[in-house]
Structures are given as structure tokens and as C-alpha cells.
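*Asks:* Quick mapping for you: the protein sequence lines, in order, are chains A and B. For what it's worth, the numbering used here labels the leading residue of the first sequence as 1, then goes sequentially. For what it's worth, the numbering used here labels the leading residue of the second sequence as 1, then goes sequentially.
Hints may contain errors.
Identical copies look the same in the list; a pair holds intra-copy or inter-copy alike.
As the list claims (entries may be wrong) - In silico BS3-like cross-links for lysine-lysine, where the CA-CA straight-line distance does not exceed 25 Å:
no., residue 1, residue 2
1, Lys290, Lys326
2, Lys171, Lys152
3, Lys341, Lys288
4, Lys288, Lys152
5, Lys346, Lys265
6, Lys319, Lys366
7, Lys341, Lys206
8, Lys201, Lys265
9, Lys225, Lys58
10, Lys290, Lys165
11, Lys165, Lys152
12, Lys265, Lys171
13, Lys379, Lys288
14, Lys346, Lys359
15, Lys288, Lys201
16, Lys201, Lys326
Derived by calculation from the structure, the hints in this document are not laboratory data. Since the structure is predicted, the reported quantities are computational estimates derived from the model, not experimental observations.
There are 2 protein chains.
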Amino acid sequence: MRIIVLGGDGFCGWPTSLKLLDEGHDVLIIDNLVRRKIDKELGSNSLTNISDPDQRIKVAKAMIGGNIDIVNTDINNYDELLDIISVFYPDTIIHFAEQRAAPYSMINSTTRRYTVDNNITNTHNILSAIVEVNPDIHLVHLGTMGVYGYSKEFGDIPEGYLNVKINSTEKDVDILYPTNPGSVYHMTKSMDQLLFQFYNKNWGLKITDLHQGIVWGTQTEQTRKHETLTNRFDYDGIYGTVLNRFISQAATGNDITVYGIGGQKRAFIHIEDTARCVALAVQNPPSKGKVRIFNQVSEVMSVKQLAELCAESYGGTIKYVDNPRKELAENDLSVSNEGLKSLGFKPITLNKGLVDDVKFIAEKMKDNLNVNNILTSPKW
Amino acid sequence: MRIIVLGGDGFCGWPTSLKLLDEGHDVLIIDNLVRRKIDKELGSNSLTNISDPDQRIKVAKAMIGGNIDIVNTDINNYDELLDIISVFYPDTIIHFAEQRAAPYSMINSTTRRYTVDNNITNTHNILSAIVEVNPDIHLVHLGTMGVYGYSKEFGDIPEGYLNVKINSTEKDVDILYPTNPGSVYHMTKSMDQLLFQFYNKNWGLKITDLHQGIVWGTQTEQTRKHETLTNRFDYDGIYGTVLNRFISQAATGNDITVYGIGGQKRAFIHIEDTARCVALAVQNPPSKGKVRIFNQVSEVMSVKQLAELCAESYGGTIKYVDNPRKELAENDLSVSNEGLKSLGFKPITLNKGLVDDVKFIAEKMKDNLNVNNILTSPKW
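All chains should be modelled from the sequences, with the hints used to inform the complete structure.
*Replies:* Structure follows, in C-alpha cells:
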């Protein structure tokens, strides 16, 4: 297939692009490299050294083979996006091109507005361009489990749609899950769902929305093939995801900092599974009908469990700090991931080999770690 | 009270501003006058002659008295918006500053993208500025009945929230009504709801969302006070609302053009009631708690009923044309408007005096009517 990966230079986008290349697809990455710029803005950094995009592409072609390229542009430039889609004429577009950190979206009015304007305009530009160029293109979007919220009010978490009885009519219907986002970032993903719903209804677009859990790990089968292909690894309070932060804290002799009492149960997925799930969705486009929503998750754990696991395995002291986020101190969670499983997904669960892999990287790169970046989350 | 009216030069915004002025409030209008520019773009026009904004303000001060002013700026300029709110320091902000025509939003990718970018950025800028300047400001937003969709699937239309039983838990809950917008424009109002929900939850903002029916009429008690205060009157296929279009067609000897079989039942409200309802919401801000949603409607009629009424009263032939919109050919509709009634709203229903008022204007201004503008709706 011919596949455009929007945001293909990022933490999830890059390993997914390589996975698709490895499976024999022709891949065109479009990225404005803003994530690299935000590192400069925040004074944060990837723990791993990440190569220049052009270097990455050169080595990917040499080590994996096939067709891959990158265009450095911002898809808020609609005419440029339209030109690229018209010329490359993809079967599938994968959309990672959103500001993806909840804490970043909650720093101040500038980051709030950037997150809303960037994410909504990008998602809508893509939909509008698909209508114009070829309504048969399959759009695969990376959503988030965070749209559901984490209360048990609506029971176990289904995949995108909730079965309810309308009390006034006594009819059973499936409705789009009533979202309860916990940050401006998560709110934009809830808004994306309404864009997808309407473009699917009015123009029949084929859309897969993958509500992903919290990603951990850094390397995949493909990024390990050469140092230049190494994926980025965030450990800071803004972009670092919780398990990666814990492992790097433990590996570098720092306290493991848990927000609140760590009673937040969350769904997790290894970066290798991110790439595999997206590839599965691409290979199996949805039939006509409503937007297809899958939960892209491997297992559910509490934050406290993760911290204890890291402390036991690698030493380090757990330090409980005030939770900067407005969220429940404790919650139960049960999530369906039957959709991707039905396509053949076999989740990788937390295992020592993979955790050791992350620890190895954290130890090896410990000179890159700036302790001041660990507790940088804004309070909201 | 000190009130900012965003979009206060428009069809609903202008008579509402005058109503609030007449009730003794201090009114500051902010408007980028884009609606006047769109007339030039489309080659459309208001049937009535509308005066320059500065003239309107001058005459409003003379005829009604009190404090009213206008600033010509675009609130997508956040810093300017922030400055104005900080200096004027309003108790209430009323938000009419959105692209408001479903047909306009469906013309092409440029108008689709303009509608999304303009409406979402504006709504979010306002919310973000309220958080920054004074979270106690009451935001009153003009939403639309169109967010509900017009199927009977969910029973009679309640006010914003729907009572359902979650089948997996057997618990009864009120959820935000699962929206089913029929155009890109209506979709943006559905997205606005998610912005309101989150800003209310996270920062406790006081928000009233008024889901308005289709407005008809043109003059109000205040706009009648002087020719310079006359409200705009759209009769074209893009911005003209259905009853106004029918009356002006009948009054000028043209066919009354009904989309499809006219079986669409819709909720209607006279422009005088728009101003009265907004004034009621302003005078009675919500207590803390979730977003307050009212249906701002006076009565339900079918499009065919309206056409027949116009044909009987004023002559003219009804012509049924292909419906350019994707919507049900026929639907039933029952809408609650208890919220505004509980604040004292007494709906004006369709009556001969008011219809004659519109007819008089249409006849008097018939030289302004360009027949080519009547069937200009895009197909979607």
C-alpha cells in the first residue's frame, strides 16, 4: 500500500513508519518537526540521541529497504497538504500530527490555544483533503483512552460506543461514548471524534480511531536495526509517560515520583505493540458504516503497581508527591480490546526483557538526564 | 451589568445588543464585520438597508440612551481580546461570533475550513481569556437546535442532557445529548459543547448554552425606533432562514421554494424572542454546577405548514425542489423549552401582525431582492 504518515518523526510515528516500511508498504512521512522544537522551548530532551530526519531516512532505506521519504511541512498549510495527497495518492493516511501531551496542553493559555488550534485544524484539514482528493482513502487516527475519563460511572470501557437505554422511549441504542476528558489535550481528541462522526456520515469516509493507552518502551524491532534509527525517549514531567519516567528514575538513582497515592489505574501498551496495532488497522480497513473505534491497549495496571515493580527490580525509593492533575485519587478500570484482537493482535504485557531494555538505555544515556526536568508538570 | 457582545453587528447580535442597552446595561460590541464582507463575496445582500456600525451606535445612544460602543476587531487575535476583556471587565460575555449558516459551511473546502477554524478558535479563545481575566464572568453562547439532529431515536428533545440507563451497570445517568449534526456548521456547535464541558469542569466557568431554533422576523421594539437601527434581513439560499425566505418570495411575487416535500419539522423563534431570551439568561446567571443548556425556541412547525401559510396569506405558488441537504424527508419533533420559561419567557408564536411586518419590509424593499440569490444553496 501507499501510506502517508502524518507526524511520522515522533515517538509513535517513527517506529510505526519503520514497521510499515518493513512490511513492504511505500511510506511518505509528513512532519513539521515541532516536537524537536518544543524540546528547545521547554529545555527538555530525548534521553536517547535522535538523528536528523534526513539521516534517519537514508539509514532506513539502507537497513530496511523499500520506499520511504519525509517532507518537512506543516499540514495547517492546507494547499500544500492537498498537493502532497494528490500527487502521492495514498491508500491510507495515518494521523499522528497532534500535540499529544496533557501536561503541555495545561501549562498556560498559549499552550492551551496551540493544542486546540493545531489539533483541530490538522484533523479537519486532513478530512477535508480526503473528501477533495479521494473519499476512498482510509484514515487511521491515534486517539486516546483519556477521552473516556476514568470513572466507573458507565461501567467497563467498551470500544468507542456505549449501549444505553433511552429512558423516555425505552429503546436500546449504541451511542458514541460520552467523553469526559481530563485535559485540554484529551478534549481535542474528544472533539476529533465529532469531526470523524460527521465526515463519516456525510461523505462516507472510512475512519479507524485508535484509542491508545499510555505507551512505554522506546525501541522496536526496526529501530534497533541501527543507532541512527533509535526512537526518542522522553522522561520529563511534560512529555515523559509514567512507566518510562519511573524506569529512568530508578536506573539513574533518583526517587521514583508517584502523583498522589498512585491509585490511578491506567491502560498501557508497549511501543512495539503501537506499531503492530496500527499496521493491523491499516491492513484491515473497515467496511462501510460508522467510524471504527478500537482500544489500543495491552493491559491495565495501577501507577502504584508500576512504581513498586520498578523499585523492587532496580532499587530506588518511591516518593509520593502532590498530584498536579485534577483526577480521581483511585479508580478501577476494565477495558475491552477485542477489536484489535479480532484482527490478530497478541498484546505484549509488561515483561522483564522489555523493562530491562528500557533500563539499559536509561543507564547508558544517564549523562543526558537532567534531574530538573523530572517534576516539571504544571498544576491543573 | 457590563456586557460584551461578540458578533454584535449581526442578525441576532444587533437586536440583542439594543435590547440589553434598553434594559440599562453597558454594552460593548466586538465584531470584525465579516458578515458584511461575506455578502460581497457571495454577491448576496440584506433586503433591508443596514447602516454603518458607527452610525448605528451614534443613533442607538441618541434614541435609547446609555452606554454602547463597538470595536472592530477579530477575536482570533487573542491578545487583543484579552486586552479588551481586561479593560472593560464585563460581568457577562455573549458569544454570537461564529459563522452561522449551514449552507455556507457546505459550499467547499475553503468555507468548511473557515467555519471550523473560525468557530472553534473563537469559542476557545473566549474561554481561555475568561480563565485568565476573571473566571467569574458568565458566558452566554448561542448554540443551535441542530446539534440534536432531527430523528425521534432519542425521544422528545430535552434541554441539553439526556436521561439514559447504562445497560452494563443498570444505572440511570444524565449525559450530554449525543449530537447528530447535519452540517459542518452544526458540527462546530457540537464541538463547542465539549469545550464548554471541560472549561466548566476544570475551571468552574459559568456557562449558558442556548440551543436556538430557526429565527424569523427582522425588527424588534428597539430596531424600530429609527431607520438607522434597522436589522439585517437575509432572504438568500445561504444565509436566509426558511420563513423569511418564504415571506419575501410571496411578497415579491416569486415562487415559494420548498426543499423536498417540506416534511421537516423544525423549531422556530421570532427575533424579538431571541433578544428577550438572551436578556433573561443574562439576568439570571446559572449557579455553580454543570453547563446550563436551554432550548431557545417558541414553537414547532413543519416547513410545508409554513409554506402553505405564506401562500394562503399572501398568494404565490409553492414549488417543491430537490432538497440540497442530507436530512430526513419527514420527521416528528417535540422540544422542551421549560428552562427559559422558568425564567419568565413567554414565547411569541407565529402571528399575523409579525408576519405582516416582515411582508411589509419585503414589499417595501423589493427592489433590493435579487431573484438569482434565492436558490443558491450548495448540495450536500
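*Asks:* Indicate, hint by hint, whether the structure satisfies it.
*Replies:* Verification of the hints:
no.	hint	result
1	Lys290 <-> Lys326	between (33 Å within a copy, 16 Å between copies)
2	Lys171 <-> Lys152	both (23 Å within a copy, 11 Å between copies)
3	Lys341 <-> Lys288	within (20 Å within a copy, 44 Å between copies)
4	Lys288 <-> Lys152	between (32 Å within a copy, 24 Å between copies)
5	Lys346 <-> Lys265	within (21 Å within a copy, 50 Å between copies)
6	Lys319 <-> Lys366	within (20 Å within a copy, 77 Å between copies)
7	Lys341 <-> Lys206	within (20 Å within a copy, 44 Å between copies)
8	Lys201 <-> Lys265	between (34 Å within a copy, 21 Å between copies)
9	Lys225 <-> Lys58	within (13 Å within a copy, 73 Å between copies)
10	Lys290 <-> Lys165	both (20 Å within a copy, 23 Å between copies)
11	Lys165 <-> Lys152	both (18 Å within a copy, 14 Å between copies)
12	Lys265 <-> Lys171	between (33 Å within a copy, 22 Å between copies)
13	Lys379 <-> Lys288	between (43 Å within a copy, 22 Å between copies)
14	Lys346 <-> Lys359	within (24 Å within a copy, 69 Å between copies)
15	Lys288 <-> Lys201	within (10 Å within a copy, 36 Å between copies)
16	Lys201 <-> Lys326	between (35 Å within a copy, 10 Å between copies)
Comparing the model with each earlier hint shows no violations; every hint is respected.
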